[in-house]
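K.L.:
The primary structure of each chain is shown beneath.
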Amino acid sequence: MSKIVPCAHCHLEFEESIMIKEADNTELNFCCNGCQGVYHLLKDDGLDSFYDKLGNNKLSKPLAVGNDSSNFDMDSFNTRYIKKTEEGFSRVDLIIEGIHCAACIWLNEKVLNETPGIVDININFTNNKAKIVWDEDIIKLSQIIDKIRSIGYNAYPYNKTDSEIKATKNKKDFFLRMSIAIFASMNIMMIDVAKYTGYFTGIDSEMLRIIHMAEFIFASPVLFYSGWIFFRGAYFGLKNSIINMDFLVSAGATLTYIYSIYVLFGGAGDSYFDSVAMIITFVLVGKYLEVLGKKSAVDTMDKIKSQIPLEATIIVEDGKKVVSLDEISIDDIIEVKMGEKASVDGVVVSGYSSFDESSISGESLPVEKEVGDIILSGTINTESVIRYKATKNYANSTLNHIVELLEDSLNSKPKIEDTTQSMSKYFSIMILSLAIGTFTGWFFYDGSFENSLIIGISVIIIACPCALALATPIASLIGISWLTKEGLLFKEAKFIETFANIDAVVFDKTGTLTTGKLSVKNKPLSLSKEELNLLYSLTDSSTHPVSFAVKQYLEKSYSNLKHLELENIEQIPAFGLQATYKDYIVYGGRLENNKEYKTTIYHFTINNKLLATFELEDKLRDDAKETIEYFKKQNIKTILCSGDNETTVSTIAKKIGVDHFNSQMTPVNKADYIKSLRDSGQKVVMVGDGVNDSLALSRADISIAMGNGADIAIAISDIVILNDQLLGITKSHYISKRTFRFIKQNLMISLIYNIVTIPIAMAGFIIPLVAALSMSLSSLLVVGNSLRINNKK
Amino acid sequence: MNSILWIELVVGIIVSFTLLGIFIWGAKQGQFDDSKKMMNGLLNDSTEDLQAAFKKDEKVKELKANKKEKLKNS
Chain H
30 MSKIVPCAHC HLEFEESIMI KEADNTELNF CCNGCQGVYH LLKDDGLDSF YDKLGNNKLS
90 KPLAVGNDSS NFDMDSFNTR YIKKTEEGFS RVDLIIEGIH CAACIWLNEK VLNETPGIVD
150 ININFTNNKA KIVWDEDIIK LSQIIDKIRS IGYNAYPYNK TDSEIKATKN KKDFFLRMSI
210 AIFASMNIMM IDVAKYTGYF TGIDSEMLRI IHMAEFIFAS PVLFYSGWIF FRGAYFGLKN
270 SIINMDFLVS AGATLTYIYS IYVLFGGAGD SYFDSVAMII TFVLVGKYLE VLGKKSAVDT
330 MDKIKSQIPL EATIIVEDGK KVVSLDEISI DDIIEVKMGE KASVDGVVVS GYSSFDESSI
390 SGESLPVEKE VGDIILSGTI NTESVIRYKA TKNYANSTLN HIVELLEDSL NSKPKIEDTT
450 QSMSKYFSIM ILSLAIGTFT GWFFYDGSFE NSLIIGISVI IIACPCALAL ATPIASLIGI
510 SWLTKEGLLF KEAKFIETFA NIDAVVFDKT GTLTTGKLSV KNKPLSLSKE ELNLLYSLTD
570 SSTHPVSFAV KQYLEKSYSN LKHLELENIE QIPAFGLQAT YKDYIVYGGR LENNKEYKTT
630 IYHFTINNKL LATFELEDKL RDDAKETIEY FKKQNIKTIL CSGDNETTVS TIAKKIGVDH
690 FNSQMTPVNK ADYIKSLRDS GQKVVMVGDG VNDSLALSRA DISIAMGNGA DIAIAISDIV
750 ILNDQLLGIT KSHYISKRTF RFIKQNLMIS LIYNIVTIPI AMAGFIIPLV AALSMSLSSL
810 LVVGNSLRIN NKK
Chain D
585 MNSILWIELV VGIIVSFTLL GIFIWGAKQG QFDDSKKMMN GLLNDSTEDL QAAFKKDEKV
645 KELKANKKEK LKNS
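These protein sequence lines map, in sequence, to chains H and D.
If you use the numbering used here, the first sequence corresponds to residues 30 to 822, in order.
If you use the numbering used here, the second sequence corresponds to residues 585 to 658, in order.
I should point out that these hints are in silico values taken from the structure, not numbers from a laboratory.
By construction, the Cβ of each residue, glycine as well, lies at the ideal position given by its N, Cα and C atoms.
It is possible that some hints are incorrect.
[What the hints assert, rightly or not] With the C-beta cut set under 8 Å, the calculated list includes, among others, these residues of chain H facing chain D:
1. G117
2. I134
3. K139
4. N142
5. F154
6. D164
7. K201
8. N216
9. I239
10. M242
11. A243
12. I246
[Said to hold, decoys possible] Below, a list of computed lysine to any residue pairs in the SDA-like style, where the Cα atoms sit at most 25 Å apart:
13. K50(H) / Q65(H)
14. K639(D) / R120(H)
15. K639(D) / V162(H)
16. K648(D) / K82(H)
17. K366(H) / N429(H)
18. K366(H) / P186(H)
19. K176(H) / N650(D)
20. K639(D) / D164(H)
21. K640(D) / A132(H)
22. K82(H) / Q65(H)
23. K656(D) / E165(H)
24. K651(D) / N429(H)
[Stated by the list, open to error] Chain D is faced by these chain H residues, among others (derived, beta-carbon under 10 Å):
25. P145
26. F204
27. P250
Let the sequences and hints guide you as you build the complete structure.
P.N.:
Printed below as a string of structure tokens:
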């Protein structure tokens with residue numbers, strides 16, 4: 030085996046023997062021609078500082094885009110996506126594909142900024158959306174797209190929707206409110222650290238007033254500007270007769286604020302402006318994270334919509350006509366070239382090709398299509414030109430149906446009620462009743478309105494949910510950081526609690542329980558060195574998954590394979606690849622066209638003499654059985670759902686021992702099945718990897734995507750297993766369960782503290798020491814307890 | 585002593601609220617909309633990037649002037 034070396038452009042690592050070397054610089058290794066091309070383009074344009082900025086980050090291989098960019102200059106595209114600016118320039122919103130790090134953003138912006146005619150380019154790193162403004166008189170959009178493609182990236186247009194504008198505005202608003210709250214709280218806490226550690230003991234009362242005045246100035250914008258959303262939330266809650274967490278936060282903070290003003294202007298006791306600011310800030314940070322989640326759902330939907338083809342070519346009497354998707358009628362004859370997506374559902378009327386149906390069925394191998402076969406919208410033609418008759422219009426086609434369902438699911442994803450939220454309802458009512466009871470009791474007992482009011486308010490202050498508000502976030506934070514270290518990405522902390530309490534796990538088959546990649550199953554006949562080199566060169570000339578699998582097998586099994594210069598390389602549709610070398614006719618692929626094959630076969634012949642036969646299969650992952658066993662031990666139901674036939678699915682189900690399996694399921698079937706499980710009261714986890722799983726993933730309580738899955742599946746899922754190991758799911762479940770146990774302990778600690786301190790406050794013994802103890806000590810205990818979560822790894 | 589504290593308090597608050605004002609201005613301009621890009625900008629921006637930004641401003645000014653003239657003539 031030769032040593033592993035990184036590609037000079039993308040930094041992906043491969044064996045040195047298969048790398049492309051430069052004649053004049055053997056130090057440089059390239060994994061493909063695309064990387065080599067982009068590397069030299071950047072060098073020639075003086076943009077090689079890109080590699081310094083890239084550092085050790087890895088890129089994906091440059092995207093090879095078969096589509097012609099001229100459709101970006103079409104009138105239909107213009108009307109749909111291009112807007113005019115006030116100055117008379119053109120503007121388009123794009124999603125850039127292939128962005129991995131800050132260096133990618135830098136490179137795209139740098140290249141486009143240096144292109145004549147481009148007025149403005151701004152790429153958002155967080156969601157990879159780009160805004161481009163250009164002068165149509167100097168450069169065309171297709172030329173801009175070609176420029177992006179030339180450096181290894183690709184771009185899709187998208188329409189800025191009202192929901193995106195609203196989500197962006199909302200995010201900005203929350204960001205400002207949160208920033209001001211953090212700024213003011215930090216200033217207040219600087220003073221309070223000294224106060225609570227006793228540095229102000231015995232301080233002159235006038236000086237103390239100055240300090241309280243500073244706290245008052247900082248706490249006021251926090252309560253009235255940052256905390257405005259809680260007042261609004263409480264108002265809408267009361268309007269619907271609900272006492273919510275917003276009510277508790279706003280009532281607690283306002284009363285504490287009023288009490289502190291009373292102290293500031295001469296009343297007895299200590300001010301609690303710090304509590305006002307801290308409570309608002311803590312809860313606001315949580316709300317901001319929720320807003321970020323909503324914004325990312327909008328971005329995900331834009332990514333999905335950008336995959337919809339823009340137009341289709343239909344055959345008319347006098348030739349061909351390019352129309353927008355809405356203009357396609359049933360019975361129209363549509364032409365799809367290689368690399369294009371089918372826009373509506375239909376039946377093949379002429380031609381022969383194969384289609385990548387992974388977005389619909391999850392099947393990783395292209396499916397062959399001949400006259401009479403059904404074409405589904407959203408599938409990609411991978412071979413040759415084909416014509417088909419539309420059987421549905423765009424609105425009723427599979428692709429649009431899935432996109433609409435997905436949009437509905439993302440918009441109505443059930444809000445996960447966490448334990449703190451549900452507890453806070455009862456907690457709020459209980460505290461309010463106790464405070465009112467205390468005020469009334471003291472008023473009748475003592476007769477002093479002022480004293481009764483202060484004691485009543487002190488009950489609310491002492492019960493201010495500092496520890497309660499911290500109980501979940503602090504434990505979740507520690508759980509999340511542990512999960513991240515293990516390569517398990519939880520997009521939001523609240524998923525920990527839901528995942529800890531699941532009833533069923535639904536697995537997709539291809540790419541999830543299996544590797545999703547073909548590998549050679551048998552050991553074929555032995556070949557001579559020259560035959561091996563011929564076979565290796567032939568498989569290297571094709572990007573077909575079967576050829577690729579055979580090539581990988583050869584690289585793994587044999588060393589010193591050599592590339593031979595094959596000539597007349599020719600694709601034989603539905604069969605394989607043929608080439609000539611000296612006097613030999615070399616062929617690799619199938620010998621007969623039989624769609625009923627249960628396994629994938631690859632024959633290798635020279636001058637029509639069969640030399641080797643490879644049988645290929647999609648292998649089960651090594652950790653699949655162990656994963657199923659783990660969930661069974663936890664009394665969690667395991668289910669396998671696949672688009673494959675019953676024989677294949679049942680064989681795999683038996684092998685790994687799942688409780689239940691479903692075969693021949695479409696994306697909609699899978700999603701409906703998840704819904705039926707949830708309707709029966711079960712908390713369901715869906716594990717998938719493909720575009721075809723997206724709908725089911727969006728319907729589950731928790732969705733998990735494998736790290737090497739489709740972009741859309743990863744964007745939709747709640748948890749991503751970055752290391753692509755199935756055992757990552759079991760590890761995630763274990764950590765979630767342990768973290769949830771600590772959340773429950775934390776809640777118990779904060780409740781016990783309240784049970785102890787509230788009676789003291791009710792009895793009128795509220796002194797600053799007790800208040801400081803209950804507020805700080807309970808929070809410290811919660812933090813200390815949470816730190817124990819990752820002690821037992 | 586107390587009067588010094590009062591002056592310090594007023595000056596401190598004026599300074600901190602001025603800084604906060606600048607931050608709010610930046611946020612409203614959209615400078616913090618893309619958190620990842622902002623953080624990476626802090627790490628990676630160089631004099632070369634500053635020069636490129638200056639060149640870009642010059643180029644945009646020229647494009648805008650040309651466009652204005654073209655629209656005026658038409």
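K.L.:
Does each hint hold? Answer for all of them.
P.N.:
Outcome of the hint check:
1. G117: holds, 5 Å
2. I134: holds, 6 Å
3. K139: For K139(H), the interface hint holds, since the closest Cβ of chain D sits about 7 Å away, which is under 8 Å.
4. N142: holds, 5 Å
5. F154: holds, 4 Å
6. D164: Holds - the Cβ of D164(H) comes within 8 Å of chain D, reaching about 6 Å at its closest.
7. K201: holds, 7 Å
8. N216: This interface hint holds because 7 Å falls under the 8 Å limit.
9. I239: At 5 Å from the nearest chain D Cβ, I239(H) passes the 8 Å test, so the hint holds.
10. M242: Nearest chain D Cβ about 7 Å off; hint holds.
11. A243: holds, 5 Å
12. I246: Since chain D brings a Cβ to about 6 Å from I246(H), closer than 8 Å, the hint holds.
13. K50(H) / Q65(H): holds, 9 Å
14. K639(D) / R120(H): holds, 21 Å
15. K639(D) / V162(H): Distance ~17 Å between K639(D) and V162(H) Cα, so the pair holds.
16. K648(D) / K82(H): violated, 32 Å
17. K366(H) / N429(H): holds, 21 Å
18. K366(H) / P186(H): holds, 21 Å
19. K176(H) / N650(D): Cα-Cα ~24 Å, so holds.
20. K639(D) / D164(H): holds, 17 Å
21. K640(D) / A132(H): holds, 19 Å
22. K82(H) / Q65(H): holds, 19 Å
23. K656(D) / E165(H): holds, 17 Å
24. K651(D) / N429(H): violated, 41 Å
25. P145: Given a least distance of 8 Å, the restraint on P145(H) holds.
26. F204: holds, 6 Å
27. P250: Since chain D brings a Cβ to about 9 Å from P250(H), closer than 10 Å, the hint holds.
When held up to the earlier numbered hints, the structure conflicts with 16 and 24 and fits the remainder.
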